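Asker: As a plain string of letters, each chain reads:
There are 2 protein chains.
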Amino acid sequence: MKASSYHYKTLKDAPSDTELVSHKLMIRAGMIKPIASGIYSWLPLGLKILRKIENIIREEMNKGGCLEIYMPMVQPKSLWDETGRSDEYGPELLGFKDRGDRDFYLGPTHEEVVTDLARKEINSPKDLPLTLYQIQPKFRDEIRPRFGVMRAREFLMKDAYSFDLDEQSMRDTYSKIKEIYIKIFEKLNLDYRVVNADSGSIGGSSSEEFHVLADSGEDLLAFSDKSDFACNVELIDQDDVEKIPGMDSPDGKGKLDVKRGIEVGHIFQLGNKYSKSMDLKVQDNNEIKYLEMGCYGIGVSRIIAASIEQNHDDKGIIFNKALSPFDLVIVLINQKNDESINLKANHFYEKLNELGIDVLLDDRDCSPGIKFSDAELIGVPYQVILSKNSIESNSYEVVSRSDLSKKLLTEEELFALFS
Amino acid sequence: MKASSYHYKTLKDAPSDTELVSHKLMIRAGMIKPIASGIYSWLPLGLKILRKIENIIREEMNKGGCLEIYMPMVQPKSLWDETGRSDEYGPELLGFKDRGDRDFYLGPTHEEVVTDLARKEINSPKDLPLTLYQIQPKFRDEIRPRFGVMRAREFLMKDAYSFDLDEQSMRDTYSKIKEIYIKIFEKLNLDYRVVNADSGSIGGSSSEEFHVLADSGEDLLAFSDKSDFACNVELIDQDDVEKIPGMDSPDGKGKLDVKRGIEVGHIFQLGNKYSKSMDLKVQDNNEIKYLEMGCYGIGVSRIIAASIEQNHDDKGIIFNKALSPFDLVIVLINQKNDESINLKANHFYEKLNELGIDVLLDDRDCSPGIKFSDAELIGVPYQVILSKNSIESNSYEVVSRSDLSKKLLTEEELFALFS
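Chains as they are written, first to last, in the working numbering: chain A, 139 to 557; chain B, 139 to 557.
Hints may contain errors.
Not everything, but these chain A residues come out facing chain B in the computed CB check (under 10 Å) [unchecked claim]:
no. : residue
1   : Ser143
2   : Ser175
3   : Ser179
4   : Gly203
5   : Leu205
6   : Pro214
7   : Arg291
8   : Glu292
For the record, the hints were derived by calculation from the structure and aren't laboratory data.
Computed from a predicted structure; not experimentally measured.
We put the CB at the ideal spot given by N, CA and C, even for glycine.
Produce the entire structure from the sequences given, and follow the hints as far as they go.
Answerer: Below is the structure:
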């Protein structure tokens with residue numbers, strides 16, 4: 139993509155009402171634009187990252203045999219009355235009437251809708267097991283939306299729902315989807331922990347959270363340095379928390395450490411709560427069985443913010459390749475009146491595109507200083523500097539965003555690096 | 139995809155409240171499932187088609203230099219008050235209050251939101267021209283939602299908005315986007331017409347519609363058999379319409395014919411209506427200029443219904459390759475107790491996948507009759523029949539969905555056909 143036709147615009151300063159660094163940086167980088175409290179438009183740069191995350195999730199969910207669907211945002215209240223959640227869910231559930239005076243909710247989650255779908259679609263044990271998922275905007279009417287897309291009212295979520303004939307099968311599906319989640323988070327290449335949501339318990343868990351580690355995280359996590367043991371200790375007394383670091387892990391393996399985390403995924407064994415209240419059942423031999431369900435969420439838009447909380451410095455965002463909107467930025471120096479620079483730039487651009495490298499060619503008519511600081515702000519893994527001098531000496535400076543280390547490469551070495 | 143793990147389920151009969159053939163067939167084929175009046179869930183088969191259309195649109199919009207964004211569904215009423223459309227738009231505009239008693243609308247279209255975005259993002263003539271688009275669910279509170287996804291309340295739309303410095307540039311952008319639309323509709327491979335929305339006028343038009351031709355269409359179109367002349371004559375007196383066929387085309391080229399069409403796209407030159415009311419302007423030299431806008435819609439979900447209205451027979455849907463959820467269905471005959479059939483099926487499946495052919499392998503445990511009629515119902519371009527007999531004789535029946543013609547091919551000829 140050429141920057142001159144990409145609406146590549148950044149802000150020098152973040153608005154004064156931004157607290158979290160990810161919120162500041164996403165707005166400064168031109169990824170999101172607020173339209174109302176907790177409601178954002180995604181600009182091209184931000185949407186590109188969102189799509190990369192979506193695609194990683196979709197690919198792994200599909201490989202794992204989950205089927206993608208798309209349920210409506212607008213949900214009849216009558217379904218929520220069946221499960222009693224019209225009363226229970228609380229004021230984050232935004233309700234309204236249509237022109238025919240019928241009651242609806244703007245979907246904050248889809249257990250009711252998917253259970254209604256399942257009772258129409260699942261007629262026999264032969265239809266099981268079945269896991270359906272969608273990647274879809276959700277709305278939760280937060281009382282105090284803040285922190286940008288970290289706690290927005292309208293946000294993008296991947297929600298999946300599993301249906302099984304019995305508890306054992308439901309637990310197997312849950313384990314399978316946990317493995318899919320691990321693959322997704324490995325691909326996202328973030329430092330994360332899978333945390334038992336039932337604080338402190340070990341073994342067969344009915345709910346686990348996926349946390350991206352970051353000092354700004356809302357949750358406090360205790361985990362072993364030698365095993366997978368991890369749990370959320372956010373609700374434990376502060377004095378007790380201070381004693382945790384260095385304690386033996388409850389599973390006998392290793393010592394405990396405590397860090398803060400941002401919850402970006404949550405998987406649940408729901409059992410038959412929804413299937414019973416909404417009469418989702420099949421006949422198995424001569425027995426009527428209510429289906430056993432699980433539900434599995436990933437906060438897609440939140441992952442971007444969590445990634446930035448984990449990886450940034452005073453110059454801006456540090457994205458890894460999996461999340462970065464581009465693989466590299468080529469910064470053109472004083473190209474305006476020098477056709478040789480533009481020719482070389484186009485050659486680099488086309489050659490790297492052929493190699494499958496997603497390049498942002500910064501051909502804007504502005505100072506090199508702005509281009510450098512913008513490249514650092516948006517966090518693309520590499521910058522390559524292209525000037526009259528670098529062409530003449532066949533020596534191109536390549537800057538790595540993660541540690542700002544620099545090396546000089548010939549054109550040939552440069553292509554080799556990215557192929 | 140193997141049918142046994144795809145929740146491949148069809149209905150023998152359509153619900154009694156379905157009128158249009160596309161509505162009946164989409165429900166019978168298991169593409170959509172109603173949840174409330176005019177509100178549907180998209181099942182895997184339907185969503186797959188939707189994504190194919192989305193991708194065709196996205197590819198051409200991107201090639202044409204348009205930038206993809208994603209604006210929120212929930213829009214502050216205050217923006218609509220600025221343009222006066224809070225009062226003008228009518229009861230299809232669904233409003234509600236959030237928990238803080240602030241007024242919002244559920245987005246039926248995004249002129250206000252995008253103009254608000256533009257006045258924050260566009261600061262100088264250097265930022266122009268700019269065309270932004272999104273592919274996003276919309277909500278219009280139709281008084282009488284009917285005809286399935288043809289006239290749903292929640293539906294998927296591609297909406298684009300262009301910003302230019304002056305009228306001439308706006309008209310150039312409009313023409314460019316019209317060309318992009320033509321490429322999109324050519325790729326969708328449907329019989330369509332571009333129709334002047336200002337009934338009867340010729341030449342520079344400020345609004346044109348893209349119609350898919352179908353006998354069930356709501357609009358009546360008159361068009362020349364020798365030129366691009368076409369206009370919407372739906373509002374012309376019935377007696378006059380009857381006189382049109384055979385008349386000379388107003389542009390002097392060819393004779394007129396009259397057919398019915400389904401509107402699936404609409405492009406507008408908006409001028410400065412929104413930029414003036416919302417104060418979207420730039421300084422050009424010493425002059426303040428309100429930006430000239432255009433808007434451009436495609437009814438993504440509606441295209442599926444329109445395609446089916448145009449192409450179906452008494453056995454079901456007839457999809458072309460661009461829209462079809464799969465390229466071919468391999469129907470296995472009595473494979474249950476015959477490992478040689480399953481082995482051959484897997485060989486075919488893998489080989490065709492390698493060739494980039496998207497195969498639905500019908501390995502369900504059900505009768506051949508059901509498999510044939512389901513394959514005809516969902517409208518995949520080709521069926522290949524794989525039985526013990528066909529393996530032994532190296533002679534595979536290939537059925538073309540469009541004309542139900544059959545031919546016998548050897549395994550080698552079959553792979554050649556699809557490579």
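Asker: Next item in the hint list is Gly203/A. Is there a CB on chain B closer than 10 Å to its CB?
Answerer: holds (6 Å)
Asker: Classify the hint on Arg291/A as holds or violated, based on whether any CB of chain B lies nearer than 10 Å to its CB.
Answerer: It holds, given that the least Cβ distance between Arg291/A and chain B is near 7 Å, below 10 Å.
Asker: Quick check on the hint: Ser175/A CB to chain B CB, less than 10 Å?
Answerer: Holds: closest Cβ of chain B sits about 8 Å from Ser175/A, inside 10 Å.
Asker: At a threshold of 10 Å, is the proposed contact between Ser179/A and chain B supported by beta-carbon distances?
Answerer: holds (5 Å)
Asker: With chain B as the partner, please determine if Ser143/A meets the hint condition of a C-beta pair closer than 10 Å.
Answerer: Result: holds, 6 Å to nearest chain B Cβ.
Asker: Identify whether the interface hint at Pro214/A stands, where standing means a beta carbon of chain B within less than 10 Å of its own.
Answerer: Cβ of Pro214/A sits 5 Å from chain B, so the hint holds.
Asker: Report holds or violated for the interface hint on Glu292/A, using the least CB-CB distance to chain B and a cut-off of 10 Å.
Answerer: For Glu292/A, the interface hint holds, since the closest Cβ of chain B sits about 5 Å away, which is under 10 Å.
Asker: Under 10 Å, Cβ to Cβ, is where Leu205/A needs to be relative to chain B, so tell me if that hint holds or is violated.
Answerer: With a closest approach of 5 Å, the Leu205/A hint holds.
In terms of the numbered hints stated before, the structure departs from none.
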